[in-house]
Amino acid sequence: MVSYKTNTRDWDEAELVLGLKEKDEEAYRELVRQYQAKLFRIAYGITLDREESSDIVQDVFLRVYQNIHTFKGDSKFYFWLRRITINMCLNWLRRWKRRFRWRHQPLEKGEGENVVELGTESYSPETLYREKELEKILQEGLKTIPEDARTAFILKEIDGLSYNDIAEILKINKGTVSSRIFYARQKLKRSISSLLDQGETE
Amino acid sequence: MKTGKRFFLFFLLFLTLGAPPRVWAGPIIHINIKTLLASQNAGPSSPQIKSLTQEYRSVLRYSSYKLLSQNRLNLKLNESGRVSLPGNRIMKITPKGISGNRASLKLEIYKKNRKIFQTVVQLRNRSSITVGGPKYRGGNLLFNIFNSF
Amino acid sequence: MKKPSRNCDPVMVSCFFDKELDLADDASVDRHINSCPSCREMLDELKTLSREVRTHITGICDTDHASIEKSLLETICRKKTPFGERVKEAVLSKKVWIPATAVASLLLVFFTVFQSPGVTEPSAIIASLSGDVSSIVIIETPRTRQTILWFNEEFNPERLDL
Numbered sequence: 001m002v003s004y005k006t007n008t009r010d011w012d013e014a015e016l017v018l019g020l021k022e023k024d025e026e027a028y029r030e031l032v033r034q035y036q037a038k039l040f041r042i043a044y045g046i047t048l049d050r051e052e053s054s055d056i057v058q059d060v061f062l063r064v065y066q067n068i069h070t071f072k073g074d075s076k077f078y079f080w081l082r083r084i085t086i087n088m089c090l091n092w093l094r095r096w097k098r099r100f101r102w103r104h105q106p107l108e109k110g111e112g113e114n115v116v117e118l119g120t121e122s123y124s125p126e127t128l129y130r131e132k133e134l135e136k137i138l139q140e141g142l143k144t145i146p147e148d149a150r151t152a153f154i155l156k157e158i159d160g161l162s163y164n165d166i167a168e169i170l171k172i173n174k175g176t177v178s179s180r181i182f183y184a185r186q187k188l189k190r191s192i193s194s195l196l197d198q199g200e201t202e
Numbered sequence: 001m002k003t004g005k006r007f008f009l010f011f012l013l014f015l016t017l018g019a020p021p022r023v024w025a026g027p028i029i030h031i032n033i034k035t036l037l038a039s040q041n042a043g044p045s046s047p048q049i050k051s052l053t054q055e056y057r058s059v060l061r062y063s064s065y066k067l068l069s070q071n072r073l074n075l076k077l078n079e080s081g082r083v084s085l086p087g088n089r090i091m092k093i094t095p096k097g098i099s100g101n102r103a104s105l106k107l108e109i110y111k112k113n114r115k116i117f118q119t120v121v122q123l124r125n126r127s128s129i130t131v132g133g134p135k136y137r138g139g140n141l142l143f144n145i146f147n148s149f
Numbered sequence: 001m002k003k004p005s006r007n008c009d010p011v012m013v014s015c016f017f018d019k020e021l022d023l024a025d026d027a028s029v030d031r032h033i034n035s036c037p038s039c040r041e042m043l044d045e046l047k048t049l050s051r052e053v054r055t056h057i058t059g060i061c062d063t064d065h066a067s068i069e070k071s072l073l074e075t076i077c078r079k080k081t082p083f084g085e086r087v088k089e090a091v092l093s094k095k096v097w098i099p100a101t102a103v104a105s106l107l108l109v110f111f112t113v114f115q116s117p118g119v120t121e122p123s124a125i126i127a128s129l130s131g132d133v134s135s136i137v138i139i140e141t142p143r144t145r146q147t148i149l150w151f152n153e154e155f156n157p158e159r160l161d162l
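Protein chains in written order, with the working numbering: chain A, 1 to 202; chain B, 1 to 149; chain C, 1 to 162.
Take these hints with a grain of salt, some might be off.
[Said to hold, decoys possible] Facing chain C, according to a computed beta carbon distance under 10 Å, are these residues of chain A, among others:
id, residue
1, Q58
2, Y65
3, K156
4, I181
5, R185
[Stated by the list, open to error] Taking lysine-lysine and the DSBU-like style, the derived pairs with C-alpha atoms no more than 35 Å apart in a straight line are:
id, chain 1, residue 1, chain 2, residue 2
6, B, K96, B, K50
7, B, K135, A, K132
8, A, K72, A, K38
9, A, K171, C, K19
[As the list claims (entries may be wrong)] Have a look at the derived ranges for each label pair, beta carbon to beta carbon:
id, chain 1, residue 1, chain 2, residue 2, range
10, B, P44, C, T75, 44 to 54 Å
11, B, S99, C, S71, 44 to 54 Å
12, C, R40, A, K23, 53 to 63 Å
13, A, S194, C, I138, 22 to 32 Å
Honestly, the hints are just simulated from the structure, not real lab data.
We put the CB at the ideal spot given by N, CA and C, even for glycine.
Kindly generate the complete structure, drawing on both the sequences and the hints.
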């Protein structure tokens with residue numbers, strides 16, 4: 001039976017790892033609470049697919065359940081989780097590499113969430129539309145960045161990793177990290193400018 | 001008695017066959033126009049439009065929807081009907097045709113005799129379109145146009 | 001890392017922004033940026049881009065963890081129970097088959113008698129529109145796909161025709 005008691009204890013990493021190894025339900029709840037958002041951001045930044053990112057994060061947690069006994073504590077627990085997440089994302093990208101899988105991104109964020117809200121005192125329909133268009137442009141711009149460059153870029157921007165850490169995770173050298181991140185920024189800038197120009201001429 | 005019965009039968013026959021034939025007038029499109037005021041903090045919504053309010057709440061952020069007026073038109077194809085709207089506005093509706101389960105309706109909105117908006121919509125039978133929202137008394141007007149044929 | 005040249009080097013600016021340069025290079029690029037408007041602009045662009053990307057991704061990722069938590073715990077629970085036991089439990093549980101049968105019967109009656117096709121098309125298709133309006137937004141309600149056509153009545157000298 002699943003219980004939904006709110007856990008107000010603060011878990012340090014050692015306690016959490018121990019709880020996970022003992023298959024303690026509270027520990028797994030804490031695992032989700034502490035890491036779900038961070039891992040989701042990384043997964044989404046790499047895959048740009050919301051549903052897939054949710055599945056990946058779920059799978060990461062399941063992987064923890066199955067393989068926690070292999071975590072020896074020689075690095076931070078979050079680094080281990082992050083590596084699993086990145087590997088799953090890269091595997092997903094490899095599987096879908098030749099398929100154009102980008103579904104149409106609706107202007108609204110999702111079903112029932114933040115749908116276009118019209119006529120409020122704060123937002124005119126035009127302002128809301130412009131904001132949604134800018135988000136859409138940024139989203140489209142991110143998609144134009146090749147996956148390897150985007151992965152390095154996201155790890156830098158979203159997770160604040162150093163070039164050395166990124167190099168270690170992606171098994172590339174530091175110079176390659178630097179050039180991929182630079183390339184991603186240039187590509188994003190050019191795509192956004194181009195999309196904005198298109199919008200103005202339509 | 002027999003004569004009476006015969007006469008009655010002949011009378012019925014006369015009514016049936018002798019009456020002028022009905023003239024086929026083409027389809028009639030029944031249109032119901034509801035004028036609503038959507039606003040914030042203006043009290044509860046009108047109960048008569050509960051289902052509409054529920055729909056609007058899924059996309060609009062107003063807290064209150066009030067039914068200001070309701071007008072019914074029964075129009076033939078290419079016949080125009082006019083409805084007075086708040087704020088010196090008039091809506092003119094002209095059914096242009098029926099195709100499948102949709103009626104083509106031309107909607108024109110005039111303000112002080114100047115046409116400000118016009119659209120041609122293909123409206124599904126027994127469904128509605130909502131056009132909005134001119135500012136009015138601290139809120140916005142919504143015009144819900146329902147048709148059936 | 002190569003040494004900074006006297007000319008503008010966008011790669012160095014990018015590394016400088018990421019705080020990945022050694023002390024000497026960092027100081028050198030910093031001095032250059034202070035005296036070079038185009039590099040300063042480049043740096044500002046990087047800051048803006050970084051901020052927008054983080055805001056965008058954080059915004060999209062604002063999810064509720066409760067459903068992931070529930071799903072994970074249910075899966076873990078299933079994994080703890082042997083498969084045979086689970087099957088036995090499911091089949092023999094009155095809590096499952098009595099309501100399931102009742103629901104199935106109701107659904108059968110409902111769909112047989114009250115066949116109600118879902119809304120598959122929007123209530124209105126906009127064939128044309130024009131007006132002295134400054135903007136138009138067309139939206140559709142999610143449940144019944146009712147069309148809402150919203151126009152801004154402000155007089156616009158450039159007539160809108162679509």
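List of violated hint numbers, smallest to largest = none
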